[in-house]
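Q: Protein chains in written order, with numbering that gives the first Met the number 0: chain A, 0 to 377; chain B, 0 to 272.
Hints are not guaranteed to be accurate.
[As the list claims (entries may be wrong)] Pairs of lysine to any residue residues, derived as SDA-like cross-links and limited to a Cα-Cα distance of at most 20 Å, are as follows:
#	chain 1	residue 1	chain 2	residue 2
1	B	LYS170	A	ALA224
2	A	LYS103	B	ARG181
3	A	LYS243	A	ALA224
[As the list claims (entries may be wrong)] Some chain A residues well away from chain B (every beta-carbon gap over 10 Å; in silico):
#	residue
4	SER25
5	SER73
6	GLN82
7	LYS119
8	ASN150
9	LEU241
10	ILE246
11	PRO248
12	LEU263
13	LEU287
14	ASP339
15	THR365
In short, the hints are calculated from the structure, not lab data. Here the structure is a predicted model, which is why all the values come from computation and not from measurement. Where is the CB? At the ideal position from N, CA and C, for every residue including glycine.
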Amino acid sequence: MKDVELTHLSKSYDMQTEVLSDISVSIHAGEFFVLVGPSGCGKSTMLRMIAGLEDITEGTLTIGQKKVNDLHPSKRDISMVFQNYALYPHLSVEENIVFGLSVKKVPKTQRKKRCHRVAKMLGLTDYLNRKPRQLSGGQRQRVALARAIVNESPICLMDEPLSNLDAKLRAQMRSEIKQIQRQLNITMIYVTHDQVEAMTMGDRIMILNEGKIQQVGPPIDVYNAPANEFVAKFIGSPPMNLAKATIYPDNQTLSVVGRIHLQLPPEDIQRMGTKEVTIGIRPEHLQLATSESQQPGSSKFEVKVSHVEVLGNETLLNFEFAEGNWQAKWNGQWRVNVGDIVPLSLHYSAICLFDTTTGNMIKQPTQNEQHLIQGVSI
Amino acid sequence: MAKLKLSTILKYAVLIVMAIIFLTPVYVIIVTSIKPLDEVSLDHMWALPTAIDFSSYIKAFTELAPNFMNSIYLVVPATLLSALLGAMNGYVLSKWRFKGSELLFTIMLFGMFIPYQSILIPLIQFLRSIGLYNSIGGLILTHVVYGLPITTLMFRNFYANIPDSMIESAKIDGANFLGIFRHIIIPLSISGFVVVAIWQFTNIWNEFLFAVTITNSDSQPIMVALQNLSGSQIVQWNVQMAGALLAALPTLLVYILLGKYFVRGLLAGSVKG
Numbered sequence: 000m001k002d003v004e005l006t007h008l009s010k011s012y013d014m015q016t017e018v019l020s021d022i023s024v025s026i027h028a029g030e031f032f033v034l035v036g037p038s039g040c041g042k043s044t045m046l047r048m049i050a051g052l053e054d055i056t057e058g059t060l061t062i063g064q065k066k067v068n069d070l071h072p073s074k075r076d077i078s079m080v081f082q083n084y085a086l087y088p089h090l091s092v093e094e095n096i097v098f099g100l101s102v103k104k105v106p107k108t109q110r111k112k113r114c115h116r117v118a119k120m121l122g123l124t125d126y127l128n129r130k131p132r133q134l135s136g137g138q139r140q141r142v143a144l145a146r147a148i149v150n151e152s153p154i155c156l157m158d159e160p161l162s163n164l165d166a167k168l169r170a171q172m173r174s175e176i177k178q179i180q181r182q183l184n185i186t187m188i189y190v191t192h193d194q195v196e197a198m199t200m201g202d203r204i205m206i207l208n209e210g211k212i213q214q215v216g217p218p219i220d221v222y223n224a225p226a227n228e229f230v231a232k233f234i235g236s237p238p239m240n241l242a243k244a245t246i247y248p249d250n251q252t253l254s255v256v257g258r259i260h261l262q263l264p265p266e267d268i269q270r271m272g273t274k275e276v277t278i279g280i281r282p283e284h285l286q287l288a289t290s291e292s293q294q295p296g297s298s299k300f301e302v303k304v305s306h307v308e309v310l311g312n313e314t315l316l317n318f319e320f321a322e323g324n325w326q327a328k329w330n331g332q333w334r335v336n337v338g339d340i341v342p343l344s345l346h347y348s349a350i351c352l353f354d355t356t357t358g359n360m361i362k363q364p365t366q367n368e369q370h371l372i373q374g375v376s377i
Numbered sequence: 000m001a002k003l004k005l006s007t008i009l010k011y012a013v014l015i016v017m018a019i020i021f022l023t024p025v026y027v028i029i030v031t032s033i034k035p036l037d038e039v040s041l042d043h044m045w046a047l048p049t050a051i052d053f054s055s056y057i058k059a060f061t062e063l064a065p066n067f068m069n070s071i072y073l074v075v076p077a078t079l080l081s082a083l084l085g086a087m088n089g090y091v092l093s094k095w096r097f098k099g100s101e102l103l104f105t106i107m108l109f110g111m112f113i114p115y116q117s118i119l120i121p122l123i124q125f126l127r128s129i130g131l132y133n134s135i136g137g138l139i140l141t142h143v144v145y146g147l148p149i150t151t152l153m154f155r156n157f158y159a160n161i162p163d164s165m166i167e168s169a170k171i172d173g174a175n176f177l178g179i180f181r182h183i184i185i186p187l188s189i190s191g192f193v194v195v196a197i198w199q200f201t202n203i204w205n206e207f208l209f210a211v212t213i214t215n216s217d218s219q220p221i222m223v224a225l226q227n228l229s230g231s232q233i234v235q236w237n238v239q240m241a242g243a244l245l246a247a248l249p250t251l252l253v254y255i256l257l258g259k260y261f262v263r264g265l266l267a268g269s270v271k272g
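Let the hints inform the model, and build the full structure from the sequences given.
A: This is how it looks when you write it as structure tokens:
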């Protein structure tokens, strides 16, 4: 089992602008580590640097305590799945799967055995003699996966492997990949731009933007306590609602465009030490105001609904707020018409506050809906 | 319906007229080649022969046979070598780029635009000094070098369509430069090879200037010998025509046998998958 360790890793193509700057992270053995960020953030470059397909401009990369900066990709004990699968069109599925093994001069009988084991695991046994062009997208994806795991490398790198599949297949492959990773206990480094994949698959996720680390942590922690405004907007669907707000220390209140007024604990005001902040609130924390919801620390405000999406078990309300579009997510089916005035309430414990100038989080929500199943036996 | 029919008729009429114009010389060649010598004259150029006489073919063949073989000895190795080297160049220039590789490629392409005539004297001097003047070997070398720009260009563009990730995947699997070339690049570029081979085969087979200047007598390829067939006093047109047909036969066969790959290869870049 080998840890992958990146220390002050940087990448620059022209020696002037950095595609990746000062990346330091330690990826533990057996971990499912997801690199997520918008396109062009450098996540694929980082993966390719770990693979050895891109040179490292600065910093060190170690795999299992061994510095591998200049080691050839084939010597790094890794396997990789590419976005376009990179199957060899002239070879059959079986030949594709064992290509790496035959290059490494693994005996034929063993090649065959390993190929069949992997094919069985991925449900490819019936297709071993076919050519890639005779397979569907999902099957090709499986072949690419089989080709990676047949090598039995302890580290597997995946570069947006599901982006060419349709939504249903993607959901299925998500759980399959996760299961295989657990079953074989391999270290997975997985690149995606899809935050759903990041949330559902990763043991830990790393959010990258413009070549810089924004936050590293378990998905739920990142969701609950985003390190900055970028992460807040990027993780979560629909995204977190953000607006400029002002703190008035004299009467200990926070005001958002004069429509939301929240009472602040004095120690928070002191700790934050700024008056111009950005408030962030998850759509599920904007609930219908009732007479009971008028408790201390909460605020009630009315909005005019501009768009409604009923998703079967939940309802999304869109409305204009503070020169932006906000969304509220309610459980269940709600018959709300466009143009209706709806009273909403939010509680201070549910909001995030960010420093407007730096974008960094200065107050994280304390109210999270965490449900634990205790003593339930199935 | 009637309108559609008229346009179809018109289309075919034009095509048929074009085809006739295009095939007229071929008709004259074939008709003349099977006439006995005394029937060949400008006045009766278009007339069909009174009797079919294949003796001109026998004569042309006996005269041209050694040169025909010379051409085979020239064109087969030269085509294979220039295709293989072009493939290697294209592979490096598209998949193993290095600093200055684009510049190198541009300079190589420039070789395509150097007229044959301008390098004849230095070329002959060079071949003489390395002992390849007046030999098929010298001609092979000349054609391989002169063919490299175009074969490199063709293969480089062909390989540009092979995704880089395929190469990278093989690299991670541990395949090296030559292993990737042999096991992935060559099998994937069979149609590219066919296109390049047809191209080079035809060009080298039909080439005259290098052939006539670099070789004489025994080592001359067929195109030079065909020219010499006409003699100095009287031209035996029927033998000349039969010889021309024999000389054109191999390229014709190559097109007929590999033609469908040629079209497919030329279109390979435009259609995905």
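Q: So, for every hint listed, does it hold in this structure?
A: Hints, one by one, checked against the model:
1. In summary, the hint linking LYS170 of chain B to ALA224 of chain A is not supported, as the alpha carbons are separated by about 41 Å, beyond the 20 Å threshold.
2. Of the pairs offered as hints, the one joining LYS103 of chain A and ARG181 of chain B holds, with about 16 Å between alpha carbons and a cut-off of 20 Å not exceeded.
3. At roughly 18 Å between alpha-carbon atoms, LYS243 of chain A and ALA224 of chain A fall within 20 Å of each other, so this suggested pair holds.
4. The beta carbon of SER25 of chain A is kept farther than 10 Å from every beta carbon of chain B, the shortest such distance being approximately 23 Å.
5. Consistency note on SER73 of chain A: stated as away from chain B, yet its beta-carbon is not over 10 Å from all of that chain's, at 4 Å minimum.
6. The non-interface label for GLN82 of chain A is inconsistent with chain B: the shortest C-beta to C-beta separation is roughly 7 Å, within 10 Å.
7. Listed as a non-interface residue, LYS119 of chain A keeps its Cβ farther than 10 Å from every Cβ of chain B; the least gap is roughly 22 Å.
8. With a least CB separation of 7 Å from chain B, ASN150 of chain A falls inside the 10 Å interface cut-off, contrary to its annotation.
9. Non-interface call for LEU241 of chain A relative to chain B: holds, since the shortest CB-CB distance, roughly 38 Å, exceeds 10 Å.
10. Under the 10 Å C-beta cut-off, the non-interface status given to ILE246 of chain A relative to chain B holds; the minimum distance is some 51 Å.
11. PRO248 of chain A, annotated as away from the interface, keeps every beta carbon of chain B farther than 10 Å; the closest lies near 57 Å.
12. Every Cβ of chain B is farther than 10 Å from the Cβ of LEU263 of chain A; the closest lies at roughly 53 Å, confirming the non-interface assignment.
13. Every Cβ of chain B is farther than 10 Å from the Cβ of LEU287 of chain A; the closest lies at roughly 50 Å, confirming the non-interface assignment.
14. Once the 10 Å rule is applied to beta carbons, ASP339 of chain A is consistent with being away from chain B; the minimum gap is 49 Å.
15. At roughly 46 Å from the closest C-beta of chain B, the C-beta of THR365 of chain A stays outside 10 Å, upholding its exclusion from the interface.
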